[in-house]
Structures are given as structure tokens and as C-alpha cells.
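Peer 1: Listed below are the residues making up each chain.
2 protein chains.
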Amino acid sequence: MTSQQHADLWSGERPEAARRLLLAAVDAFATRGFHATTTRDIATAAGMSPAALYIHYPSKAALLAEISRQGHAATLALVEEAAAHSDDPRLRMRRLVEEFTAWHARGHTVGRIVNYELRALPAEDFEVVAELRRRIEDTVKQVIEDGVAAGVFHTPETRTAARAVTSLGIDVARWYNERSSETPQQLGERYGVLVLRMLGA
Amino acid sequence: MTSQQHADLWSGERPEAARRLLLAAVDAFATRGFHATTTRDIATAAGMSPAALYIHYPSKAALLAEISRQGHAATLALVEEAAAHSDDPRLRMRRLVEEFTAWHARGHTVGRIVNYELRALPAEDFEVVAELRRRIEDTVKQVIEDGVAAGVFHTPETRTAARAVTSLGIDVARWYNERSSETPQQLGERYGVLVLRMLGA
DNA sequence: TCAGTAACTAAGCGCTTGCTTAGCATGTTG
DNA sequence: CAACATGCTAAGCAAGCGCTTAGTTACTGA
Numbered sequence: 000m001t002s003q004q005h006a007d008l009w010s011g012e013r014p015e016a017a018r019r020l021l022l023a024a025v026d027a028f029a030t031r032g033f034h035a036t037t038t039r040d041i042a043t044a045a046g047m048s049p050a051a052l053y054i055h056y057p058s059k060a061a062l063l064a065e066i067s068r069q070g071h072a073a074t075l076a077l078v079e080e081a082a083a084h085s086d087d088p089r090l091r092m093r094r095l096v097e098e099f100t101a102w103h104a105r106g107h108t109v110g111r112i113v114n115y116e117l118r119a120l121p122a123e124d125f126e127v128v129a130e131l132r133r134r135i136e137d138t139v140k141q142v143i144e145d146g147v148a149a150g151v152f153h154t155p156e157t158r159t160a161a162r163a164v165t166s167l168g169i170d171v172a173r174w175y176n177e178r179s180s181e182t183p184q185q186l187g188e189r190y191g192v193l194v195l196r197m198l199g200a
Numbered sequence: 000m001t002s003q004q005h006a007d008l009w010s011g012e013r014p015e016a017a018r019r020l021l022l023a024a025v026d027a028f029a030t031r032g033f034h035a036t037t038t039r040d041i042a043t044a045a046g047m048s049p050a051a052l053y054i055h056y057p058s059k060a061a062l063l064a065e066i067s068r069q070g071h072a073a074t075l076a077l078v079e080e081a082a083a084h085s086d087d088p089r090l091r092m093r094r095l096v097e098e099f100t101a102w103h104a105r106g107h108t109v110g111r112i113v114n115y116e117l118r119a120l121p122a123e124d125f126e127v128v129a130e131l132r133r134r135i136e137d138t139v140k141q142v143i144e145d146g147v148a149a150g151v152f153h154t155p156e157t158r159t160a161a162r163a164v165t166s167l168g169i170d171v172a173r174w175y176n177e178r179s180s181e182t183p184q185q186l187g188e189r190y191g192v193l194v195l196r197m198l199g200a
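These protein sequences, in sequence, are chains A and B. For the first sequence, numbering that gives the first Met the number 0 begins at 0 and goes up steadily by one. For the second sequence, numbering that gives the first Met the number 0 begins at 0 and goes up steadily by one.
I should point out that these hints are in silico values taken from the structure, not numbers from a laboratory.
No copy is singled out in the list; a pair is fine if it fits within one copy or between any two copies.
Computed cross-link-like contacts, SDA-like style, restricted to lysine to any residue with a CA-CA straight-line distance of at most 25 Å:
no., residue 1, residue 2
1, Lys59, Arg13
2, Lys140, Thr157
3, Lys140, Ser166
4, Lys140, Glu181
5, Lys59, Ala35
6, Lys140, Ser179
7, Lys140, Asn176
8, Lys140, Gly199
Sequences and hints are given; from them, build the entire structure.
Peer 2: This is the structure in C-alpha cells:
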């Protein structure tokens with residue numbers, strides 16, 4: 000159940016019990032949603048009593064905030080790295096879509112929390128996360144604008160195009176699961192082709 | 000707050016108090032999510048005491064099921080109509096994306112419930128709704144396959160392409176709101192252009 | 001040796017939840 | 001005009017919620 004993705008994202012989390020709680024929370028929030036998940040669910044899945052949760056995290060919402068912040072930070076890093084990877088906007092965009100899509104497939108549990116549990120975040124955590132989201136979208140928009148300026152993309156509304164590109168990746172977290180016929184990498188490659196055509200490359 | 004969309008979808012709902020409850024539930028479920036919404040929220044917004052809800056609906060989940068069933072049925076009708084509208088797969092697909100996208104923008108509250116509250120549905124209601132969703136996706140896929148067969152679309156994986164097309168529309172319900180700079184119709188037209196290019200038309 | 005600390009549990013507190021019960025107006029019908 | 005149906009409210013119940021308290025155990029270091 001717990002995918003490799005989680006283990007990597009929080010491999011440095013100490014003490015180990017805190018990490019187990021985080022992984023249990025990711026699975027529970029992704030499967031049932033934040034509000035339908037109880038602190039007893041999380042603690043039990045991590046092999047502890049409910050009270051033990053509060054030694055490592057001050058509240059249920061703090062667990063959500065930790066997952067959302069880290070998930071968003073990792074996504075932004077991935078997008079920025081792909082966008083800086085070459086000089087050709089086509090290669091940058093293809094790499095960006097490949098990685099962004101594969102990330103949302105491989106980490107669809109974290110992806111669901113990141114994208115669909117924003118409302119449940121405490122106000123100040125939401126602010127932090129909203130800024131990360133803005134930077135992700137701006138990075139995508141910048142690659143498109145670079146491509147338009149270079150004459151390799153042909154799309155009049157870069158904001159709308161950026162929305163479409165990010166939408167494709169984000170929505171993968173909603174429908175993808177381990178039983179899907181495509182691997183995350185395959186899906187990324189196919190979406191990369193579709194997006195380049197969509198942008199008129 | 001209550002958009003025209005809702006009023007149209009449930010204009011025939013009698014008695015009028017039942018309709019008011021339904022509209023209040025749509026707003027509340029879309030804004031806060033099903034599990035974060037209380038029966039007191041819904042009843043108060045509809046101008047009644049909590050007990051009055053149970054005269055018109057047997058449970059909170061029954062309200063959700065009613066919204067989800069009707070929302071899915073309306074979406075399927077819209078998609079099937081657009082898909083049957085002409086002989087040219089390009090015109091059919093453009094119309095389909097225009098209407099599907101505009102629908103998710105105009106009715107983003109209902110759209111959020113339809114697409115993001117499936118987990119909260121009672122099992123038997125979920126089955127009904129899952130079948131409607133299958134038919135929506137199959138209709139989209141069929142238009143793509145018709146286009147490939149006619150030589151006007153060029154995309155090797157029709158299932159993946161259908162996923163991408165529906166994803167674009169569905170995700171609109173997540174981010175669109177009344178303050179968005181594009182009208183639902185504008186957005187539909189722009190997405191129609193992007194999708195046709197994506198399909199290699 | 002033993003005070004101090006970190007990690008935990010059993011028990012439960014105060015509150016909110018979905019939903020029920022009992023009863024009250026209003027309007028309709030034989 | 002009695003009998004009933006409809007649509008509602010005030011009050012509240014049992015269950016479950018997030019979180020706290022008080023205490024136990026195992027380990028560390030002077």
C-alpha cells in the first residue's frame with residue numbers, strides 16, 4: 000500500500016515513530032479524506048495508541064500541513080529543475096510534463112492530499128502552500144512564454160495554456176492507481192507528446 | 000452565491016423546501032466538503048430547523064446521492080448530445096469540449112461534488128454513478144476513435160487521449176470560480192482549440 | 001545509584017455529530 | 001366539524017470526535 004514515493008519523501012523523518020505516523024496519515028487522508036479520517040485511524044495504522052500521536056505532532060491538522068508543505072515543495076523542485084534543464088523550450092516542456100505527470104501517478108496518494116485537501120489546511124499553512132502553488136504555475140507559464148517568444152510554441156493565451164498543462168498532471172492524482180494499465184513513466188511520455196502538440200510545437 | 004446552474008438543474012424539485020435544502024447542500028458540500036458539512040449547516044442555510052431535513056431526505060448521504068446522480072446524468076446527456084451533433088469528428092469533439100468545459104466552469108460547485116465526493120457516496124449510489132461515468136468516458140473515447148478511423152485525428156492511444164480530454168474539463172471544476180478572468184464560454188472555446196491540436200487534427 | 005528524560009498507554013473529558021422523538025399549527029376532506 | 005395529513009420545531013439521545021491527563025516503562029548519563 001505504502002508506495003516507494005512516500006518512503007523517499009520522508010526517509011529522513013526522525014524519530015521513526017513520527018515517520019510511521021506520517022506514512023499512515025498519507026494513506027488514510029488519500030483514501031478517506033482528511034475529515035473522514037480519525038486520529039485513532041492514523042495511530043492504529045502506525046501501531047500506537049491515539050495519545051502517542053500528540054507526542055510527535057501537535058494536532059491532526061499539523062500532520063496534514065506537514066504532508067502538504069513537503070509535497071508541494073517537492074513538486075516545485077521537480078518543476079523548476081525540469082524547466083531549467085535545457086535551452087530548447089520544447090525539451091524543457093516535454094521533460095516538465097513527463098516528470099510532473101509521472102510524479103502525480105507514482106505519488107497519487109500524496110498528490111491527492113496536496114491538490115484536494117487544501118481547504119482543510121489551517122490558514123497560515125495554506126498561505127505557505129498557496130505561494131508554492133503560484134510558483135509552480137508561474138514556472139510552467141514561463142516555459143510556455145519562452146517557447147512562444149522563440150517561435151516554437153503557438154498559443155495566444157499563455158495563462159490558459161499553463162492551466163491546461165498543470166490540470167492534465169494534477170488530475171492524474173485523482174484517477175491513477177496501481178491497477179492502471181500504464182506505468183507512471185509511460186503516462187508521462189504520452190502526456191508529453193500530447194502537450195507539445197497542444198502548444199502548437 | 001447560488002448560481003443559475005443549480006436553479007436550472009433542480010427547478011422541478013417539489014416541495015419547494017426540498018429544493019431549498021438541495022441548493023443549500025450543493026453550496027455547503029462544494030465549499031467545505033461533504034464530511035465537513037453538518038446537517039445543521041444545510042438546514043440553517045435553507046431556513047429550517049435540523050429536524051426538517053429528515054422530512055424531505057432520509058439522510059445527509061441521500062442529499063449527496065441526489066446531487067451526484069442528477070449532476071452525472073446531466074453531464075452524460077450533455078456529452079452524448081454533443082457527440083451526436085454532426086458527422087465530422089472534429090466538429091463533434093470541439094462541441095463536446097466546449098460544452099463539457101463550460102459546464103464545469105458554470106457549475107463548478109456541482110462539478111466539485113460530482114468529481115471529488117465520490118468516496119462519500121453509499122455503495123449502491125456509487126454503483127449507479129460509476130456506470131454514468133463509464134458512459135461519459137466511453138462517449139469521449141468513441142469520438143476520438145471515429146476521428147482516428149476517419150484519418151482526421153492522429154493519436155495512437157485513444158484511451159489515454161480520452162483520459163486527457165476529460166481530465167481537462169473535470170479539473171476546471173477544481174480551480175474555476177466567479178472571479179476567474181474567462182467566462183465559461185470563452186474557456187470552452189479555448190480548450191476546444193487546444194484539444195483539437197492535442198489530437199493531431 | 002538514581003534523577004532525568006523520551007516514548008509510550010489507559011482512561012476519559014467536553015463537545016459535536018447524525019438523527020429521533022414528541023408535539024404543535026395549518027389546511028384539506030368526508 | 002371531526003378526522004386526518006402535512007410540514008414544521010424544541011429538545012435531546014447515543015455515538016464518536018480531537019485532544020488531555022496521569023501514570024508507566026526503558027534508557028541515559030553524572
